[in-house]
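2 protein chains.
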Amino acid sequence: MTKKVLKFGGTSVGSIQRIVHAAKIVKKEHDSGNKIIVVVSAMAGTTNNLVAYSQSISKKFNKRELDVLLTSGEQVTSALMAGALNDLGIKAKSWMNWQIPILTEGDHTNARIINMNVEGINNYLSEGGVAVIPGFQGVSKSGDITSIGRGGSDATAVVIAKIFQTDSCELYKDVDGVYSSDPNKIPVAKKIDKISYEEMLELSSLGTKVMQASAVQTAMMNDVPIQVKSTFAERKGTEINSQENIDYSKAVTGVAYSKDDAKITLIGVEDKPGVAADIFEPLSKNEINVDMVIQNISADGKKTDLTFTIKRQDKNAASSLLKGNKKITYETMQMNDKVSKVSIVGAGMVATPGVTYKMFRSLAEEKINILAISTSEIKVSVIIDEESSIQAVKKLHKTFNLD
Amino acid sequence: MTKKVLKFGGTSVGSIQRIVHAAKIVKKEHDSGNKIIVVVSAMAGTTNNLVAYSQSISKKFNKRELDVLLTSGEQVTSALMAGALNDLGIKAKSWMNWQIPILTEGDHTNARIINMNVEGINNYLSEGGVAVIPGFQGVSKSGDITSIGRGGSDATAVVIAKIFQTDSCELYKDVDGVYSSDPNKIPVAKKIDKISYEEMLELSSLGTKVMQASAVQTAMMNDVPIQVKSTFAERKGTEINSQENIDYSKAVTGVAYSKDDAKITLIGVEDKPGVAADIFEPLSKNEINVDMVIQNISADGKKTDLTFTIKRQDKNAASSLLKGNKKITYETMQMNDKVSKVSIVGAGMVATPGVTYKMFRSLAEEKINILAISTSEIKVSVIIDEESSIQAVKKLHKTFNLD
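In the order they appear, the protein sequences are chains C and H.
Using my numbering, the letters of the first sequence map in sequence onto residues 1 to 403.
Using my numbering, the letters of the second sequence map in sequence onto residues 1001 to 1403.
Bound conformation, chain C alone (with noise of 0.2 Å):
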């Protein structure tokens, strides 16, 4: 008999028809023989409404309290779950963070699940139950309710089967799968069968809106493979593993690429030890996030040129911040608010000689200029203007033969 952890993301179970159809999903595989234990998100678009009800009281919203707030929309999915599947004659129980329990450590907003009492579900498991489970949340040793930040329903998916030994996670979602590029805007994006943890987090950390980084970080530390699969339509999703687990034919497996990027370049800064943590300094207290830096070697030992990119929202905040910084020096700020970052991520890169080199004379095929560059060893990303960004990607695309 097979042990699965189901999970349905927040448009899987956006509306009580899709709650109803993902029911019928979980019927399905009931029906086969498998124990199930469901996970779910809150339905689209309530956590987004309580944050926002949370914002307007206060923009420093206590977090005990906003955890306590954000935890109800899992507590509504878990209960609408499992009074579907008992309309549809299965054994149904949904079980609280505080029922199982899950235990927390950790802030609020922002815990870790460190263990959780499999006794009971199994007990209900075995009886033929099916457990629904509300994602994104527990309970710290001192009883209060935590929860654990954007994606952390995934995570509590991935730490079930885990936990409860399960023979697969099954992550279904409004996608059916990780794809080579962005199937909205590169029509031949092809779905990937099989990816590694290490990719998948470079492509979540891209911007591939699969998966959270720190969902796919808590499987790869847990080594649980993962499937990602459509709630709305049957047909194979791909599969998220360890390197080793995966065949690499190719060099590249994927192309992301980011929009709403701004580039700024501080040019004559001076070139001594903690300059560049008195730049950043001020931008991290401001919960600015610098995406991509990249300093050359100095060419006088003195002087040096610093680039580094953020989101376009925060470009008016960073500009002011750094001229009012008053422990650094430089000659001109230089900002282009149109810009994009686009990557190449691959395992297969490492063992593939040429595919840096590939990229850059490709993108000057197009006569597209490189504005910035930064590698991984999985990952080669360039800062290129905006405009240029699909035709750059649909080219890298047919570059690594992805099409």
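Think of the hints as simulated: they come from the structure by calculation, not from any bench.
Note that CB positions come from ideal geometry on N, CA and C, so glycine has one too.
Don't take every hint at face value.
[To be verified] One side of the interface only, derived from the structure: several residues of chain H facing chain C at Cβ under 7 Å: (1) Ser1015; (2) Ile1016; (3) Ser1056; (4) Ser1058; (5) Leu1069; (6) Ser1072; (7) Val1076; (8) Ala1082; (9) Ala1084; (10) Asp1087; (11) Gly1089; (12) Ser1094; (13) Trp1098; (14) Pro1101.
[What the hints assert, rightly or not] In silico DMTMM-like links for lysine to aspartate or glutamate, alpha-carbon gap of 25 Å or less: (15) Lys141/C to Glu1119/H; (16) Lys1059/H to Asp87/C; (17) Lys1063/H to Asp87/C; (18) Lys1395/H to Glu1366/H; (19) Lys141/C to Glu1366/H; (20) Lys285/C to Asp337/C; (21) Lys1141/H to Glu377/C; (22) Lys1395/H to Glu1198/H; (23) Lys60/C to Asp1031/H; (24) Lys63/C to Asp1087/H; (25) Lys60/C to Asp1087/H; (26) Lys1060/H to Glu127/C; (27) Lys1091/H to Asp107/C; (28) Lys303/C to Asp278/C.
Once you've looked at the hints, dock chain H against the given chain C.
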């Protein structure tokens, strides 16, 4: 130092603005040096929306899951209220039903609070904190979430006042008290300063929306005096207390009326034991609520007429059930689906002779025909044509010196 329960109803916490307004009332009471326990309802409309969700999944939605579903509403308001108090600089914390815990017994959707742990909250109050508690809910001995029925948040406030031995129990509502009649329809209706539990119980049963009958009953059984106050106007409200604490200068305290009633008369029913039970059993099983029942002594000892009232929406179902009922015989069924019940209520009635006569005389002066009569110790109800109901209420309001 005074200990108080302040309870805010659904309309009083119906928006973020209103929650903040309610928090300011709490702050004022807290700043005056009182120890405060706040009880909150779900935001107006929330519970109905959640019920509608469950109904669109199943007309017989699992009651355990319904409790999990509905109690999320007060969880949301508790967190928002605690956060709003924090934002006003008040130490405050929400306490979920299972965190206190609020122990209940009885069926899902209709449980009763039997105990509550006071230690943690009392310590918190002593440290100057405000405890915010979701109304309407508790947890059973087996650890399941339970709800205590509609009007349950008022009942929660009453039980908390009892168990925590508070000095007052103040229910903040969208009305500023209990009126001698519906102030929207009878402009001369006056706010009642003091009313007994018994009278309030009759008025609640007769459709006065101020408090659910079950909550009044809880207050009466526990002998907890209640203050009904307006959230939106600083004004003296209505005190609900035991009869001995009230001076009765008037025989009648209030005039109530119900709308949407229908009257059914069965003519020529067999006059033998068990007939009434046979008539009402199928109605009860189909959840058709029978209100007034009037049966006259039969003239010949063989046949009699039986009149009863139901909600108008149930008239077709009731009619079919009666026609299909093989256990009973009658000559004809008369249905009048446009009737109203008008009632005078007053604990002073017992000591004042002629109240009933005076009521009938007043209605006769207005040429209003009485279709049926039912009396209790502190109430006289008559069924009349619906079109005369406002006229009747106005006349009785004047007759009994309530204007």
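Hints, one by one, checked against the model:
no.: 1; hint: Ser1015; verdict: violated, 9 Å
no.: 2; hint: Ile1016; verdict: holds, 5 Å
no.: 3; hint: Ser1056; verdict: holds, 5 Å
no.: 4; hint: Ser1058; verdict: holds, 4 Å
no.: 5; hint: Leu1069; verdict: holds, 4 Å
no.: 6; hint: Ser1072; verdict: holds, 4 Å
no.: 7; hint: Val1076; verdict: holds, 5 Å
no.: 8; hint: Ala1082; verdict: holds, 5 Å
no.: 9; hint: Ala1084; verdict: holds, 5 Å
no.: 10; hint: Asp1087; verdict: holds, 4 Å
no.: 11; hint: Gly1089; verdict: violated, 11 Å
no.: 12; hint: Ser1094; verdict: holds, 5 Å
no.: 13; hint: Trp1098; verdict: holds, 6 Å
no.: 14; hint: Pro1101; verdict: violated, 10 Å
no.: 15; hint: Lys141/C to Glu1119/H; verdict: holds, 19 Å
no.: 16; hint: Lys1059/H to Asp87/C; verdict: holds, 9 Å
no.: 17; hint: Lys1063/H to Asp87/C; verdict: holds, 12 Å
no.: 18; hint: Lys1395/H to Glu1366/H; verdict: holds, 8 Å
no.: 19; hint: Lys141/C to Glu1366/H; verdict: violated, 71 Å
no.: 20; hint: Lys285/C to Asp337/C; verdict: holds, 22 Å
no.: 21; hint: Lys1141/H to Glu377/C; verdict: violated, 56 Å
no.: 22; hint: Lys1395/H to Glu1198/H; verdict: holds, 24 Å
no.: 23; hint: Lys60/C to Asp1031/H; verdict: holds, 22 Å
no.: 24; hint: Lys63/C to Asp1087/H; verdict: holds, 12 Å
no.: 25; hint: Lys60/C to Asp1087/H; verdict: holds, 8 Å
no.: 26; hint: Lys1060/H to Glu127/C; verdict: holds, 23 Å
no.: 27; hint: Lys1091/H to Asp107/C; verdict: holds, 19 Å
no.: 28; hint: Lys303/C to Asp278/C; verdict: holds, 15 Å
Comparing the model with each earlier hint shows violations of hints 1, 11, 14, 19 and 21; every other hint is respected.
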